[in-house]
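K.L.:
So you can see what is in the structure, the chains are spelled out below.
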Amino acid sequence: MPRLLLLHFVHEPASQELANAIRAFRFEVDIASTPGLALQKVRQGNAAFDLVLLIGRAEAEGDLKAIRELVLTYRRLNHCAIPSFLFVSCTKLDPQLRLRIERMGVRYVRI
Amino acid sequence: MSAYSQAALIVDELELLLTERQSVAVHGIHFRIVHRYNPGHGAPCCAGEEVAAVYLVWRGSEVQLRLSTTLRMLFDYLARHSRLSQSARQIERGIRESSFYARASDDPRWRTIPRAYVRVYIERIRAAIHLVYEEAGLHGDPNAVLVSEQTVMNEVGYRLRATVDWTHSPF
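Just so you know, the protein sequences line up as chains F and C, in that order.
Under the working numbering, the first residue of the first sequence is numbered 1, with each subsequent residue one higher.
Under the working numbering, the first residue of the second sequence is numbered 112, with each subsequent residue one higher.
These are calculated hints, taken from the structure and not from any lab test.
Computed from a predicted structure; not experimentally measured.
All C-beta atoms, glycine included, are put in the ideal place defined by N, C-alpha and C.
Accuracy of the hints is not assured; some may be wrong.
Cβ-to-Cβ under 7 Å is the rule here; a few derived chain C residues that face chain F [unchecked claim]:
(1) 114
(2) 121
(3) 125
(4) 237
(5) 248
(6) 249
(7) 250
(8) 253
(9) 257
Assemble the whole structure, with the sequences as input and the hints as a guide.
P.N.:
Written as structure tokens, this is what we have:
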């Protein structure tokens with residue numbers, strides 16, 4: 001079963017609901033409510049994730065810093081076992097911001 | 112939109128990422144090698160062509176590896192023999208004996224690679240792969256692409272663990 005780290009930049013109840021829905025598709029989901037908690041989980045190293053799902057806000061500029069930090073932490077720890085990153089936004093993002101997200105190796109999708 | 116239908120859309124994307132990961136894990140990353148000055152008759156990859164460029168192909172875009180003439184030749188040689196782990200001595204001889212590499216450059220100095228240089232050039236290709244990974248936003252280890260395989264003696268074999276396709280252009 002693929003292991004997924006869900007980092008929701010919006011609010012806790014929504015992430016719980018989404019995590020439960022994703023679990024129905026046979027994914028093992030671990031939630032981090034803040035970027036700091038996500039970093040902590042990654043640094044602990046006891047949870048090897050296949051995927052990292054980031055649910056962003058419309059003003060994702062602030063989220064970008066957290067994503068970069070997460071990617072860099074993974075690279076520093078073990079660049080052979082970096083998970084795949086997916087950034088999901090419910091609103092339209094500035095194309096420049098989108099390009100910056102994709103240049104970090106994070107796949108972007110709007111739903 | 113309900114959480115379930117939102118999750119279904121997200122899971123579609125997650126499955127794509129998983130497939131991509133599995134494909135890279137099994138087959139390796141994909142490269143494209145461009146051969147120039149194809150005479151336009153006879154088989155491709157014939158003597159007289161130049162190894163013009165090597166590209167990393169990732170998520171629909173091509174990013175060129177910053178390789179010199181010699182490194183492009185070595186990369187092309189390793190790509191053609193990707194099922195075979197070869198020592199520096201074998202690589203030197205393989206390139207020297209090939210009519211393709213003998214005419215791949217106008218400069219005779221670049222038509223062969225002394226075996227003492229092979230290890231150094233392998234490291235430089237890895238450095239180029241690292242740079243192109245950064246540029247493409249791809250996370251991975253260049254040592255897993257250009258693999259060093261230890262033999263039971265102290266000889267080391269080199270092998271390109273990747274998929275490659277070649278394109279040919281007359282100019």
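K.L.:
Each hint: holds or not?
P.N.:
Here is how each hint holds up against the structure:
Hint status for residue 114 of chain C: holds, given a least beta-carbon distance of 4 Å to chain F, under 7 Å. Here the hint on residue 121 of chain C is kept, as its CB sits about 6 Å from the closest CB of chain F, short of 7 Å. Hint status for residue 125 of chain C: holds, given a least beta-carbon distance of 6 Å to chain F, under 7 Å. Because the beta carbon of residue 237 of chain C sits about 13 Å from the nearest beta carbon in chain F, more than 7 Å, this interface hint is broken.
Because the smallest distance between the Cβ of residue 248 of chain C and any Cβ of chain F comes to about 4 Å, under 7 Å, the interface hint for this residue holds. Annotation: interface hint on residue 249 of chain C holds; nearest CB of chain F at approximately 6 Å, less than 7 Å. At about 4 Å, the closest approach between the beta carbon of residue 250 of chain C and any beta carbon in chain F falls short of 7 Å, and the interface hint on this residue holds. Against a cut-off of 7 Å between C-beta atoms, the interface hint on residue 253 of chain C is violated, since the closest Cβ of chain F lies about 10 Å away.
The closest approach between the C-beta of residue 257 of chain C and any C-beta of chain F is roughly 14 Å, which is over the 7 Å cut-off, so the hint fails.
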